[in-house]
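Required output: the full structure, derived from the provided sequences and hints.
Protein chains in written order, with numbering that gives the first Met the number 0: chain A, 0 to 332; chain B, 0 to 334; chain C, 0 to 396.
Honestly, the hints are just simulated from the structure, not real lab data.
Among the hints, erroneous ones may be present.
Here are the simulated lysine to any residue pairs, SDA-like style, with alpha carbons at most 20 Å apart [stated by the list, open to error]:
hint	chain 1	residue 1	chain 2	residue 2
1	B	Lys-2	B	Val-328
2	C	Lys-353	B	Leu-156
3	C	Lys-353	B	Thr-164
4	A	Lys-129	B	Thr-164
5	B	Lys-226	A	Ala-85
6	B	Lys-226	A	Thr-112
7	C	Lys-353	B	Val-328
8	C	Lys-34	B	Thr-164
9	C	Lys-81	C	Tyr-132
Here the structure is a predicted model, which is why all the values come from computation and not from measurement.
Here is how the chains run, residue by residue.
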Amino acid sequence: MTLLTVEKLDLRFDTDEGRITAVDDVSFTLDAGEVLGLVGESGSGKSVTAKSLMQLNPSNAVYGSGSEIYLELERNVVDVLSLQSARELEIVRGGAVSMIFQEPMASFAPAITIGNQMVEQLLIHTALSKKKAADLSVEMLERVGISDAGKRFYQYAFELSGGMRQRAMIAMALSTKPKVLIADEPTTALDVTIQAQVLDLMKDLVAEFGMAILFITHDLSVIAQTADRVAVMYLGRILETGTVRQVIQTPSHPYTQGLLNSLPKLAAIDEPLTPIAGDIPSPLERPPGCVFHTRCPKAKPGVCDQSIPDLFAMGSGQAAACFALTQDWPSAN
Amino acid sequence: MVKFLQFTLIRAVMSVVTLLIVSLIVFSLMELVPGNCAERYIAFKNTQGQVITIEDIQAEERRLGLDKPFMIRAGTWAGNVFFKGQFGDSCILRLNINNLLSDKVWISLGICLAALFFSYLIAIPVGIYAASTRNPLANNSVRFISYLGLALPSFLLALIIMLTTTVLFGESMAGLFSKEYRDAAWSFAKFTNFMSRAWLPIFILGWAATAFALQTVRALMLDEISKLYVTAASARGISGRTLLWRYPARHSLGPVINSLGFDLNRIFNDLPVVALIMTLTEMGALLIDALAFSNDQQLAGAILVILTACIVLVNFVTDIVLALMDPRVRTGLMG
Amino acid sequence: MDLLSRSKQKVTDQSLKEAYFTASQTQLVRARFKKNRAAMVAGWVLTLMILAGFFSEFLSPYAPTMAGRDKQYENGPPQMPKFWDENGFSLQPFIYGTKRERSIKTNFRWVITVDREDRRYVRLFVKGWKYSYIDLNWDLPGDAFDVNFKALTFSTHLFGVDKGGIHLFGTDASGKDIYSRTLRAIFTSLKCGALGVFIAFVLALIIGGISGYYGGWIDSTLQMITDAIRTVPPLPLFMALAAFLPQEWSAEAVFFVISSILGLIGWPTLARRIRTHLLSERSQEYVLAAELCGASSSHIIRRHLLPSFTSYIIVDLMITFPYMVRLETALSFIGLGLIDPVSSLGSMMQNVSKADILLNYQWYFIPVLFFIAFVLAFVFVGDGLRDAADPYTDARK
Numbered sequence: 000m001t002l003l004t005v006e007k008l009d010l011r012f013d014t015d016e017g018r019i020t021a022v023d024d025v026s027f028t029l030d031a032g033e034v035l036g037l038v039g040e041s042g043s044g045k046s047v048t049a050k051s052l053m054q055l056n057p058s059n060a061v062y063g064s065g066s067e068i069y070l071e072l073e074r075n076v077v078d079v080l081s082l083q084s085a086r087e088l089e090i091v092r093g094g095a096v097s098m099i100f101q102e103p104m105a106s107f108a109p110a111i112t113i114g115n116q117m118v119e120q121l122l123i124h125t126a127l128s129k130k131k132a133a134d135l136s137v138e139m140l141e142r143v144g145i146s147d148a149g150k151r152f153y154q155y156a157f158e159l160s161g162g163m164r165q166r167a168m169i170a171m172a173l174s175t176k177p178k179v180l181i182a183d184e185p186t187t188a189l190d191v192t193i194q195a196q197v198l199d200l201m202k203d204l205v206a207e208f209g210m211a212i213l214f215i216t217h218d219l220s221v222i223a224q225t226a227d228r229v230a231v232m233y234l235g236r237i238l239e240t241g242t243v244r245q246v247i248q249t250p251s252h253p254y255t256q257g258l259l260n261s262l263p264k265l266a267a268i269d270e271p272l273t274p275i276a277g278d279i280p281s282p283l284e285r286p287p288g289c290v291f292h293t294r295c296p297k298a299k300p301g302v303c304d305q306s307i308p309d310l311f312a313m314g315s316g317q318a319a320a321c322f323a324l325t326q327d328w329p330s331a332n
Numbered sequence: 000m001v002k003f004l005q006f007t008l009i010r011a012v013m014s015v016v017t018l019l020i021v022s023l024i025v026f027s028l029m030e031l032v033p034g035n036c037a038e039r040y041i042a043f044k045n046t047q048g049q050v051i052t053i054e055d056i057q058a059e060e061r062r063l064g065l066d067k068p069f070m071i072r073a074g075t076w077a078g079n080v081f082f083k084g085q086f087g088d089s090c091i092l093r094l095n096i097n098n099l100l101s102d103k104v105w106i107s108l109g110i111c112l113a114a115l116f117f118s119y120l121i122a123i124p125v126g127i128y129a130a131s132t133r134n135p136l137a138n139n140s141v142r143f144i145s146y147l148g149l150a151l152p153s154f155l156l157a158l159i160i161m162l163t164t165t166v167l168f169g170e171s172m173a174g175l176f177s178k179e180y181r182d183a184a185w186s187f188a189k190f191t192n193f194m195s196r197a198w199l200p201i202f203i204l205g206w207a208a209t210a211f212a213l214q215t216v217r218a219l220m221l222d223e224i225s226k227l228y229v230t231a232a233s234a235r236g237i238s239g240r241t242l243l244w245r246y247p248a249r250h251s252l253g254p255v256i257n258s259l260g261f262d263l264n265r266i267f268n269d270l271p272v273v274a275l276i277m278t279l280t281e282m283g284a285l286l287i288d289a290l291a292f293s294n295d296q297q298l299a300g301a302i303l304v305i306l307t308a309c310i311v312l313v314n315f316v317t318d319i320v321l322a323l324m325d326p327r328v329r330t331g332l333m334g
Numbered sequence: 000m001d002l003l004s005r006s007k008q009k010v011t012d013q014s015l016k017e018a019y020f021t022a023s024q025t026q027l028v029r030a031r032f033k034k035n036r037a038a039m040v041a042g043w044v045l046t047l048m049i050l051a052g053f054f055s056e057f058l059s060p061y062a063p064t065m066a067g068r069d070k071q072y073e074n075g076p077p078q079m080p081k082f083w084d085e086n087g088f089s090l091q092p093f094i095y096g097t098k099r100e101r102s103i104k105t106n107f108r109w110v111i112t113v114d115r116e117d118r119r120y121v122r123l124f125v126k127g128w129k130y131s132y133i134d135l136n137w138d139l140p141g142d143a144f145d146v147n148f149k150a151l152t153f154s155t156h157l158f159g160v161d162k163g164g165i166h167l168f169g170t171d172a173s174g175k176d177i178y179s180r181t182l183r184a185i186f187t188s189l190k191c192g193a194l195g196v197f198i199a200f201v202l203a204l205i206i207g208g209i210s211g212y213y214g215g216w217i218d219s220t221l222q223m224i225t226d227a228i229r230t231v232p233p234l235p236l237f238m239a240l241a242a243f244l245p246q247e248w249s250a251e252a253v254f255f256v257i258s259s260i261l262g263l264i265g266w267p268t269l270a271r272r273i274r275t276h277l278l279s280e281r282s283q284e285y286v287l288a289a290e291l292c293g294a295s296s297s298h299i300i301r302r303h304l305l306p307s308f309t310s311y312i313i314v315d316l317m318i319t320f321p322y323m324v325r326l327e328t329a330l331s332f333i334g335l336g337l338i339d340p341v342s343s344l345g346s347m348m349q350n351v352s353k354a355d356i357l358l359n360y361q362w363y364f365i366p367v368l369f370f371i372a373f374v375l376a377f378v379f380v381g382d383g384l385r386d387a388a389d390p391y392t393d394a395r396k
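Put into C-alpha cells, the structure is as follows:
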C-alpha cells in the first residue's frame with residue numbers, strides 16, 4: 000500500500016544571490032513497511048526534499064506550482080503542500096510523519112527535560128492525559144533500550160550519552176505512531192559500534208509498527224544495510240532509483256558508478272581510490288542539461304549539456320536518468 | 000547543595016575582589032586631586048580669621064592619618080567603607096557623607112532600578128516579536144529605534160523634553176518634587192507627588208537601556224531561532240506562541256539576564272548628566288557638583304563606589320540566578 | 000563570428016565565477032556591504048561629514064573662534080542664499096543686508112532687521128581668514144622648547160559675500176558663525192574619537208592579547224582587573240578623571256588629555272573581545288600546527304592570530320567610535336570636557352540648555368542635528384560592516 004506520493008517536487012530558495020534550485024522535478028513513492036534510502040552528497044537536496052514532507056523548510060523556500068505531496072492516512076488523503084497554517088500542519092508534523100535529525104544533542108532543547116518534550120508532543124497529537132502521556136513516554140524509552148527509563152525521563156539531553164540520545168530521539172519520534180519516519184543521517188554523529196545498534200533498532204521498529212522510513216544518508220554502506228529501495232540524488236535531481244541490490248550491484252548511472260568506485264574497499268587495501276573528477280558546481284552555477292555532465296566521463300557535448308534526460312526504465316524497477324542508456328546514444332566511436 | 004554553597008561563596012569572593020580593585024582605583028583617583036584634606040581644612044580655618052602655621056597643618060594631617068603610607072590609607076578607607084559602611088567626611092562640605100547621601104541614594108537607586116525594570120518590560124516582548132516576525136517594517140523600526148538610542152543620548156532627550164514642556168506648559172518638569180514637598184517629611188501626599196514626577200526621569204534613563212536591551216533580545220532570539228532544536232520542535236507539531244515562548248525565548252532568557260548588569264551600568268552612566276539637566280538633586284547631580292565645581296574627592300569617591308557596588312551586586316545575583324536556571328550548571332552544583 | 004563572441008561570453012562567465020571563488024575577504028566584505036542600502040547611505044553621509052570636517056577651514060567663511068565673530072550679527076538667524084525675490088531674479092545667489100537696533104520699541108533688546116533692498120551677493124573662492132593645514136603650536140615647559148610651526152597656509156574659502164557677512168546656520172550670542180563652528184566641531188569630535196579609539200585599541204591589543212594567548216592564571220588575573228574596570232560606569236569615572244585637570248591648561252592639552260582618558264576608559268570591552276576571540280582561535284588546529292613547527296609565540300600572534308581577525312577588529316573599532324564621541328560630547332556638555340573656545344559638538348550643545356533658546360534662537364539646535372546624524376551614520380556603517388564581515392552572525396551584540 001502506498002503511503003506517500005511525491006510528484007514533480009520543485010523547490011527553490013530566494014536568497015540575496017538569487018534563486019537557488021534545491022530540488023528539481025523529484026518524484027517517488029513510499030510503501031508501508033518499506034525503507035527508502037535517499038543517497039547523495041551534501042547539497043544534493045536530500046534533506047530539503049525530506050523537510051518538504053512537513054513543510055519544514057525556511058520561509059524563503061518557494062515550492063514549484065506543479066509540486067504535489069500526498070499522504071494516505073486511514074481515513075483520508077492529505078495534500079501536504081496545500082496545508083497553510085501551523086495548526087493544519089499538526090496532523091503531518093509529529094503526527095503522521097516524524098523526523099530524526101543528525102545531531103541528537105542539538106535536536107533536544109537543552110533546558111527542557113526529555114520527558115517534558117515527549118509529553119508535550121503527545122498532548123498535541125493524542126487525547127491522552129498528562130499522566131498517561133508520561134507513562135507512554137517512559138514505556139517508549141524502555142522500548143528503544145534505554146535502561147532506567149523512569150529516571151531518564153526527568154533528565155536533560157546533556158546528561159545522556161550520544162547513542163542514548165539518539166535512542167531517546169527515536170522513542171520520541173515513534174511515540175505518536177507516525178506512518179512515515181524521516182531519518183536524516185541518524186547515525187552519522189555516532190560511533191560505528193553504536194551505529195549498528197541504532198540501525199538494528201530502527202529496522203526492528205519498522206517491522207513492529209508497520210511504518211515506512213525515508214532514510215537519508217551520504218553513506219552507501221549504511222544504505223546497503225538498511226534500505227529496501229534507493230534513490231540517488233545529485234544537485235536536486237534523482238539520477239537513479241531501484242532496489243538496493245540493483246543499484247549497488249549493477250549501477251547504471253555514471254554518477255552512481257562513480258560513487259561506488261570511490262568507496263574504499265577493505266578487500267583491496269593497496270589499490271588507489273578513484274574519486275569522481277571535478278567538484279560539485281556551486282548552487283548558483285547550476286549546469287544546463289544533465290546536471291552531472293560537468294563531471295561525467297561519458298558526457299557528450301551537444302547532447303548532455305543541451306537537454307535534461309528523463310528517468311529511463313531499465314526493467315524490474317530500476318531506472319536511471321542518462322542519455323547513454325537510451326537507444327539513440329551513438330555507440331562508442 | 001554543598002557545591003552550590005561553594006559556588007555562591009566563590010562568586011561572592013570574586014565580587015568582593017572586584018569591589019576591592021575598584022575601590023583601590025577610586026582611592027587612587029581621590030589622591031590625584033591637588034591638595035589634601037588637611038590643607039583644605041586649614042585653608043578654611045584661615046578664611047575664618049585664624050593664623051595657621053606649618054605645625055598646625057602637620058598636626059591636622061596626623062589627626063586625619065594623612066601622614067601614613069598610601070596603602071595603609073587606602074586600606075583604612077576601604078575597610079571603613081566595606082565593614083562599617085562609613086564613607087567618612089567630605090572635607091569641602093565638612094559634613095558626614097553618609098548623612099549627606101542617606102535617602103538620596105535610595106531615591107536614585109529606586110529610579111535607576113525602575114528604569115531598568117521598565118526597559119526590560121518593553122524590550123523583551125518587542126525584541127522577541129521583532130525576531131520572530133518577517134514583517135520588514137517591524138524589523139526596521141526596531142533596528143532604527145535601537146540605533147537612535149545611541150545617537151540620541153538621554154541627556155539630549157532630557158534636554159529636548161525639558162525645553163518643550165517649559166515652552167508648551169510654562170512649567171518645567173524639573174525636580175522630583177514640587178516646591179512645597181521638597182523639604183517636607185515623607186508622607187502619602189509627598190509620595191504621590193513623587194510618583195507624578197518620577198516617571199519622566201525613569202523614562203529618560205530607561206530610554207537608552209531599552210534601545211540596547213531591544214537589540215540584545217532580538218539578536219539573542221535570532222540566534223536561538225536558527226538552532227536545530229527549534230526546527231525539531233516544529234517537526235513535532237509544536238507551533239505558534241507555544242513554540243516561540245517555550246523554545247527560543249526560554250533559552251535566550253539566560254543571556255538576557257546576563258546583560259542586566261551592563262544595562263544598569265548604562266543607566267548609571269547617564270544618571271549624572273540627566274540629573275543635572277532635570278535638576279534632580281539626587282546622587283547624580285551631587286556627583287557633578289562634587290567633581291566639577293568643588294573637587295570634593297571624598298564625596299565623588301563615595302558615589303563612584305556606591306554605583307559600582309550596585310552593579311557588582313546585580314552581577315552577583317544574576318550569576319546565581321543563571322546558575323539555577325541553566326540545568327547544566329544546576330545539576331552540576333546540586334547533584 | 001557568432002562562435003567567437005559566444006566563446007568570449009563563456010570566458011567572461013568563467014572569469015566572473017573565478018572572481019567569486021577567489022575573492023579576498025576584503026572584496027567579499029565590500030560586495031556584501033554594498034548590498035546593504037541603509038549602510039551605504041550612512042556611509043556616504045559619513046564620508047561627506049568626514050570630508051567636511053577635514054576641509055572645515057576651506058568650507059567655512061569665518062574662523063570658528065572669537066576671531067571670526069561678527070559683532071554686527073549677534074544671535075543672528077540663518078541666512079539662506081536666494082536667487083530671486085520681489086525685486087527680480089539674479090543669476091548670482093544673494094542674501095540681504097541687516098541692521099541691528101535697540102530702542103524702547105524693541106524692549107531694549109538688540110533686534111536684527113533685514114533690509115530687503117540691500118542685496119549682498121555670494122561669491123565663490125573668496126579670500127578670507129588664514130588657516131594652515133600643518134599648525135604645530137606646543138607650549139612646552141621652558142621657552143626654548145616651544146614649537147610654533149605653520150605650513151600649507153591658505154586664505155581661500157569656498158564662499159563668502161561681497162560685503163558684510165553670511166551665516167548659513169546663524170550666529171551665537173557672541174556673533175560666532177554656527178556653520179563654521181559646526182564643521183570645526185565635527186573635526187574635533189573625529190580627532191578626539193580617533194585618538195581615544197587608537198589608545199583604547201593599543202591597550203586592548205596588549206592586554207587582551209596577553210590574556211587570550213597565555214591563558215591560565217595570567218588570563219584570570221587580567222580578566223579580573225578588566226572586569227573590575229568594566230563595572231565602573233564610564234561617564235562618572237570619566238568625570239572623576241576629567242575634573243582633576245588643572246583649570247589653567249591650554250585647550251590643546253585639555254583636548255589631548257580628554258582623548259587619552261577616553262582611551263583609558265574604553266579599552267576593557269575591546270580587550271575582552273580580543274581575548275575571547277584569541278582564546279577560541281588559539282585552540283584551532285592551525286595554531287597547534289605552527290607550534291609544532293617551532294614558531295615562537297610572538298610569530299604566531301603576529302602572523303597567524305592577528306590576521307585571523309583583522310576584519311573583526313576593524314568592525315569593533317568602528318562600533319567603538321560613536322561611543323567615544325558620545326562620551327566626549329556628554330562630558331563637554333556638562334562643562335567638564337572641551338570648553339567654549341574649542342568648537343566641539345558637546346560644547347556647542349551647552350548653549351542650547353535654556354528655554355529662551357528654544358523660543359527665540361532655534362538655530363542653535365542645528366549642531367544637535369549634526370551630532371545625531373553623525374552618530375547615527377557611524378552606527379549604521381559599523382553595523383553594516385559587521386554584518387558584511389560576518390554574515391552568519393546576524394546582528395549579534
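- Has the given pair, Lys-353/C with Leu-156/B, been kept, meaning a C-alpha gap of at most 20 Å? holds (14 Å)
- Item | Restraint check for Lys-2/B with Val-328/B, where alpha carbons must lie at most 20 Å apart | Holds, because 11 Å separates the two Cα atoms, which is no more than 20 Å.
- Query: Given the hint that Lys-129/A pairs with Thr-164/B, does the C-alpha gap stay at or below 20 Å?
  - Reply: Cα-Cα ~58 Å, so violated.
- Message: Please verify whether Lys-81/C and Tyr-132/C have alpha carbons no more than 20 Å apart.
- Response: violated (32 Å)
- Taking 20 Å as the top limit, are the C-alpha atoms of Lys-34/C and Thr-164/B close enough? violated (42 Å)
- Proposed proximity, Val-328/B with Lys-353/C (alpha carbon, max 20 Å): Since the Cα atoms of Lys-353/C and Val-328/B sit roughly 54 Å apart, the hinted pair is violated (cutoff 20 Å).
- Message: Can you confirm whether the C-alpha distance between Lys-226/B and Ala-85/A stays at or below 20 Å?
- Response: Satisfied, since the Cα-Cα distance of roughly 19 Å is no more than 20 Å.
- Task: Quickly compare the C-alpha distance for Lys-353/C and Thr-164/B to 20 Å and report which way the hint goes.
- Result: Given that 20 Å is the threshold and the Cα spacing comes to 12 Å, the pair holds.
- Task: Starting from Lys-226/B, check that the Cα of Thr-112/A is at most 20 Å away, please.
- Result: At roughly 17 Å apart (the allowed maximum being 20 Å), Thr-112/A and Lys-226/B satisfy the hint.
Of the numbered hints given earlier, the model fails hints 4, 7, 8, 9; all others are met.
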